[in-house]
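Colleague: Listed below, chain by chain, are the residues.
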Amino acid sequence: MDITTVTAGLRETLNANQRPTGAWGYRGIQDSVESTCLAILALRQHPSLKLTRATKALMALQNADGSWPAFTGDDPEGCWTTALAVLSLMLVQQGTTKPLASGIQWLIGARGREANWLWRWKLSMVETKVHFDPAKFGWSWVSGTTSWVIPTAFALIALAQARQRGYNRTAQLDGRVDLGTSMLLDRMCPGGGWNSGNGVAFGVALAPHIDATSIALLALTNLEGEPGVQRSVYWLLNRLAGCPSLYSLAWGVLAIAAYRRICPEARESLRDRAEELMRLTEDAASIEDNCTLAVIALALEAVNGDSAFEVRT
Amino acid sequence: MNPDRRRLIISAAGVAVGGMATARLLPEEMLLRDRRPRRSRVAIIAAQEYSESLDGVLVSGLREFHLNLRGKSVLLKPNLVEYIAGVEVNTNPVLVGAAAQAFLKLGADSVVVGEGPGHQRDTYLVLAESGLADQLRSQKINFVDLNRDELFKVPTRATYTGLEHLWLPGTVLKSDFVVSMPKIKTHHWAGVTLSMKNMFGVVPGTKYGWPKNVLHWKGIHRSILDICATVPVHFVIADGVVAMEGNGPLHGTHRHLGKIVLADDPVAADFTCARLMGLDPHRVWHLARAAQFLGNGAYDRIDLIAEGLPLRTNPFDVLPEFASLQMRF
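The listed protein sequences correspond, in order, to chains A and B.
For the first sequence, the numbering used here gives the first residue as 1, with consecutive numbering after it.
For the second sequence, the numbering used here gives the first residue as 1, with consecutive numbering after it.
Be careful, since some hints might not be right.
[Said to hold, decoys possible] Result set (EDC-like, lysine to aspartate or glutamate): computed pairs, CA atoms no more than 16 Å apart in a straight line:
#1 K129/A / E321/B
#2 K72/B / E129/B
#3 K153/B / E164/B
#4 K153/B / D178/A
#5 K136/A / D178/A
[As the list claims (entries may be wrong)] Here's a subset of chain B near chain A, in silico, CB distances under 7 Å, partners left out:
#6 E52
#7 Y124
#8 A128
#9 E150
#10 V214
#11 K218
#12 N247
No lab work stands behind these hints, which were simulated from the structure alone.
Glycine is no exception: its CB is placed at the ideal position from the N, C-alpha and C atoms.
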């Protein structure tokens, strides 16, 4: 079976799983912004009424301040899904719309709790069990909490694409991207790769996670020559062999596809991992989680040279 | 009145009154209904290894509690954090499988296993690499990723965090009988992680971030109390066959305790587990508070229906900041 056939099947399942609201849940009946965004990204190259309805549903979920919640009915504080929503709207809409512009503006203004000088002081002078530089901050999962790797990486991808596509080319955005990038580099695990938040805690080096490492690498493609980034690519290449999880494997394939141009090992590994991903997808009796379905489709598209997450300037 | 404001006012009043009573009983407890059972039952059972014999051990242990499980849906909530090769981080899959079989044998209508790992977003990866996926597949037991379940807004039944409500997974709320299955471990932020701390895993990462970051900012001990006051824990099966000491919950060292602890009260379970660890439960902030309204901690309100507590215990190693927890005999 080839990539085109497998991705067509995944898109068909995603279309079938779309809820009457136009959105997607993770599995059940509650609309989830993460699932909806990833499904929109996976379907973006195939305009249809379903895609239009999905885009409208996503915009309807936006909070008044430009951010997005995590799911239908959620409290109105914005959260990490805003980056995915901005990315999705950029890739399916022509021109700047008010929801998109306000989403980008919210992202530029959002920051981890360590951005506050008092917390920065406390985290660098008093609460030092977790090793990191609080002056380098990114984005949090939820407002009022510290920066974490995946929300920061998604925000960097969204803002870098906003700049690349001309939606926002302000110095404010550039500054925010630079600071977020420095945060990711600071939080890297000692041997490369990223755990959920920090590389060292209580004097112990933490083990990287596949999805966090992959998404961080996607956000750092402009720093492909940076030694830490290269170490992370090699860590990922080793870790992906035999990965039993479709979700992590798919994120890994997206990342190594982004680095194949500069890394021969990534190029070689990509074919094997993509075949493994297709084999596991075919073997799975059913994939109930819509995020996983969408990320697999996005990964296989990236193998064919079309990545929704890649940023190159 | 907003709980934050209410707590502020009552705290101010408490400070003004001063005295030992205020120091021992925080204003939060003054507002809470005493939900402690008259007596709690705890069974400490010897188990030297993870083997098929655990099936029988659990069935006979559970029978001692005379649980009415007929027609009930049971949710097993193990501690599934992260897979680290060679390290006993998670509730052992063999024990989870044995618990599932035991509850079905004792008349439960259905058993499902659910967890929302704190650090790892890819729950299935931990499930597969820990061996739990194979265990559950072989027994035809379903697993639910609580981080991605349907969520419902539930008013908190305690006021320690100031959160007026928690978003909780439907699978947890719809279950008739919730069983917390912790791994007995030390914890670098909370001192210990037992059946009450284990309930952090029912709070969804989708809403609260990974590792449930909102709750860390609200205070781990306070969050544990609000979660356990809001989510009913009907039973505890604690995995102490191989426990963890030192820099838990991930990077500590193994401690062969050789025990499983069953209990019909999570507070009584955690007090007993802490005592087995040679740690003073009264010095663990959330346990001391929980024993004032949620469950029993006092010796005279806990019936040990199997083994007794050992007369002497070599305390678990802890990080220096938790040295005061260690009981000296």
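Colleague: Look at each hint and say if it fits the structure.
Modeller: Here is what the structure says about each hint:
For the given pair, K129/A sits about 11 Å from E321/B by alpha-carbon distance, which is consistent with the 16 Å threshold. Taking the CA atoms of K72/B and E129/B, the gap is near 30 Å; set against the 16 Å cutoff, the hint is violated. Distance restraint check for K153/B and E164/B: the Cα-Cα separation of roughly 10 Å lies within the 16 Å cut-off, and the hinted pair is therefore satisfied. Of the pairs offered as hints, the one joining K153/B and D178/A is violated, with about 38 Å between alpha carbons and a cut-off of 16 Å exceeded.
For the given pair, K136/A sits about 10 Å from D178/A by alpha-carbon distance, which is consistent with the 16 Å threshold. Checking E52/B against chain A: minimum C-beta separation of about 24 Å lies over 7 Å; hint violated. Given the 7 Å rule on beta carbons, the hint for Y124/B holds: about 5 Å separates it from the nearest Cβ of chain A. The interface hint given for A128/B is met, as the beta carbon of that residue sits about 4 Å from the closest beta carbon of chain A, less than 7 Å.
Hint status for E150/B relative to chain A: holds, with the closest Cβ pair at about 4 Å, below 7 Å. Against a cut-off of 7 Å between C-beta atoms, the interface hint on V214/B holds, since the closest Cβ of chain A lies about 5 Å away. With 7 Å as the threshold, the beta carbon of K218/B stays out of range of chain A, its nearest partner Cβ sitting at about 10 Å, so the hint is violated. A least Cβ separation of about 5 Å between N247/B and chain A falls short of the 7 Å threshold, and the interface hint therefore holds.
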